[in-house]
Amino acid sequence: MIYKIAVVGLGIIGGSVAKALRGFRGGAVYAQERDKGVLLKAQECGAIEGEAELSECDSVILALYPSDCVQFMRENMNSFKSGAVIWDVCGVKGSVVEPIRSFLRDDIEFVGAHPMSGREKSGFAASDGRLFENSNFIITPCGASDKAVQTVKEMAAYMGCSNIVVTDCDKHDAMIAYTSQLMHAVAVALCKNPCIEEAGQYSAGSLRDCTRVADINDALWSELFVENAPALCSCVENLTENLNVISRMAREGRREELAEFLRSSAAAKRKYLLEVN
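Residue numbering for the sequence shown follows numbering that gives the first Met the number 0, beginning at 0 and increasing consecutively.
Worth flagging that the hints you see were computed from the coordinates, not collected in a lab.
Idealized CB from N, CA, C, for every residue including glycine.
Any given hint could be a false lead.
[Claimed, not checked] Ranges of calculated distance between the beta carbons of each label pair, as one might list FRET restraints:
(1) P193 <-> A266: 32 to 38 Å
(2) I245 <-> A124: 27 to 33 Å
(3) D214 <-> S54: 19 to 25 Å
(4) D167 <-> E55: 28 to 34 Å
(5) G204 <-> R33: 20 to 26 Å
(6) I245 <-> Y157: 21 to 27 Å
(7) C44 <-> E236: 43 to 49 Å
[Said to hold, decoys possible] Taking lysine to aspartate or glutamate and the EDC-like style, the derived pairs with C-alpha atoms no more than 20 Å apart in a straight line are:
(8) K80 <-> D34
(9) K191 <-> E132
(10) K191 <-> D169
(11) K35 <-> D67
(12) K146 <-> E50
(13) K146 <-> D105
(14) K191 <-> D167
(15) K152 <-> D57
(16) K170 <-> E259
(17) K270 <-> E259
(18) K268 <-> D208
(19) K120 <-> D57
(20) K268 <-> E222
(21) K80 <-> E52
(22) K120 <-> D208
(23) K35 <-> E52
(24) K120 <-> E97
(25) K40 <-> E50
(26) K152 <-> E132
(27) K35 <-> D57
(28) K35 <-> E48
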């Protein structure tokens with residue numbers, strides 16, 4: 000039998016997943032999408048074969064907002080094919096995986112997942128089958144079988160992900176608060192400054208680099224911030240503390256101490272982030 004995949008939600012991530020998984024295990028990709036116009040466009044461009052019947056799909060990928068993932072699983076729990084492997088793409092895991100596992104059927108598998116890639120644009124029109132090439136892919140098994148986890152690993156590799164990390168929900172949420180959510184919060188905060196009105200005439204590029212992700216999907220990111228508030232707030236507090244240290248040293252003229260602070264930060268950057276995409 001042909002291996003069938005369903006992608007639920009055809010935004011930039013769901014659309015890109017659908018395009019990237021075409022031909023996986025020699026199978027076919029289908030989709031569910033509330034906007035029938037988007038569903039038709041996805042079919043016309045060859046991203047999907049047509050609308051998905053969950054009862055026929057061997058794998059289901061939930062490309063929805065975190066709360067929508069939980070709701071979709073609850074409402075469709077009796078529709079999935081026995082033995083199906085289901086995974087999500089959400090930027091938070093604790094508030095998604097744990098609730099779903101509390102009502103999950105015994106004969107299906109749910110694996111928390113997070114392909115670490117994106118763009119400042121949104122919607123199916125911005126999707127790209129090469130979006131995940133050389134990117135990180137995080138898996139939080141949370142009780143899923145080794146076989147199910149292996150299936151998700153194979154899908155991630157097929158999509159082009161070069162580094163697959165297996166961890167737990169708490170570690171995922173803590174690290175994503177630092178590597179992603181804090182970066183979006185900083186970019187937004189930098190743009191809430193009256194100086195931005197004339198910044199284009201005074202910037203050599205560093206401000207643009209630091210604010211690259213400020214053009215944000217407010218509905219999605221406000222949900223992510225709230226769902227991961229403890230971890231995010233801890234990161235914000237640490238950043239605020241470090242900024243206050245810099246401010247005090249500069250105000251008090253402690254140049255040598257400030258230089259050492261800058262040197263140690265630069266050394267950490269070179270050691271841990273120089274080769275990171």
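Against the structure, the hints come out as follows:
Distance hint for P193 and A266: a CB-CB separation of about 35 Å, consistent with the stated range 32 to 38 Å. Roughly 42 Å separates the CB atoms of I245 and A124, a value that falls outside the hinted 27 to 33 Å. Distance hint check for D214 and S54: the Cβ-Cβ separation is about 39 Å, which falls outside the suggested range of 19 to 25 Å. The given range of 28 to 34 Å is respected by D167 and E55, whose C-beta atoms sit roughly 32 Å from each other.
As the Cβ distance of G204 to R33 is approximately 40 Å, the hint placing it in 20 to 26 Å is violated. One distance hint, 21 to 27 Å for the beta-carbon pair I245 and Y157, is violated here, with the actual separation near 45 Å. The given range of 43 to 49 Å is respected by C44 and E236, whose C-beta atoms sit roughly 45 Å from each other. Only pairs whose Cα atoms come within 20 Å are accepted, and K80 paired with D34 is rejected, the gap being roughly 24 Å.
A distance of roughly 33 Å separates the Cα atoms of K191 and E132; the hinted pair therefore is violated under the 20 Å criterion. As the CA atoms of K191 and D169 are separated by approximately 31 Å, the hinted pair breaks the 20 Å bound. For the hint pairing K35 with D67, the CA-to-CA distance comes to about 18 Å; that is within 20 Å, so the pair holds. With a CA separation close to 27 Å, the supplied pair K146 and E50 exceeds the 20 Å bound.
The straight-line distance between the Cα atoms of K146 and D105 is roughly 15 Å, inside the 20 Å bound, and the hint therefore holds. The suggested pairing of K191 with D167 is violated, with an alpha-carbon distance near 35 Å, which exceeds 20 Å. Distance hint between K152 and D57 is fulfilled; the C-alpha atoms sit about 15 Å from each other, no more than 20 Å. With a C-alpha separation of about 30 Å, the suggested pairing of K170 with E259 is violated against the 20 Å cut-off.
Proposed proximity of K270 and E259 is supported: the alpha carbons are some 16 Å apart, at most 20 Å. With a C-alpha separation of about 16 Å, the suggested pair K268 and D208 falls inside the 20 Å cut-off, and the hint holds. Between the alpha carbons of K120 and D57 the distance comes to roughly 30 Å, so the proposed pair goes past 20 Å and is violated. Restraint check: the Cα-Cα separation between K268 and E222 comes to about 30 Å, which exceeds 20 Å; the hinted pair is violated.
Annotation: proposed proximity of K80 to E52 holds, straight-line Cα distance about 9 Å (limit 20 Å). Taking the CA atoms of K120 and D208, the gap is near 16 Å; set against the 20 Å cutoff, the hint holds. Between the alpha carbons of K35 and E52 the distance comes to roughly 15 Å, so the proposed pair stays at or under 20 Å and holds. Between K120 and E97 the CA atoms are separated by roughly 30 Å; this puts the pair beyond 20 Å, and the hint is violated.
For the suggested pair K40 and E50, the alpha carbons sit about 12 Å apart, so the restraint of at most 20 Å is met. Between K152 and E132 the alpha-carbon distance is near 14 Å, which keeps this suggested pair within the 20 Å criterion. As the CA atoms of K35 and D57 are separated by approximately 23 Å, the hinted pair breaks the 20 Å bound. For the given pair, K35 sits about 14 Å from E48 by alpha-carbon distance, which is consistent with the 20 Å threshold.
In summary, the numbered hints that this structure violates are 2, 3, 5, 6, 8, 9, 10, 12, 14, 16, 19, 20, 24 and 27.
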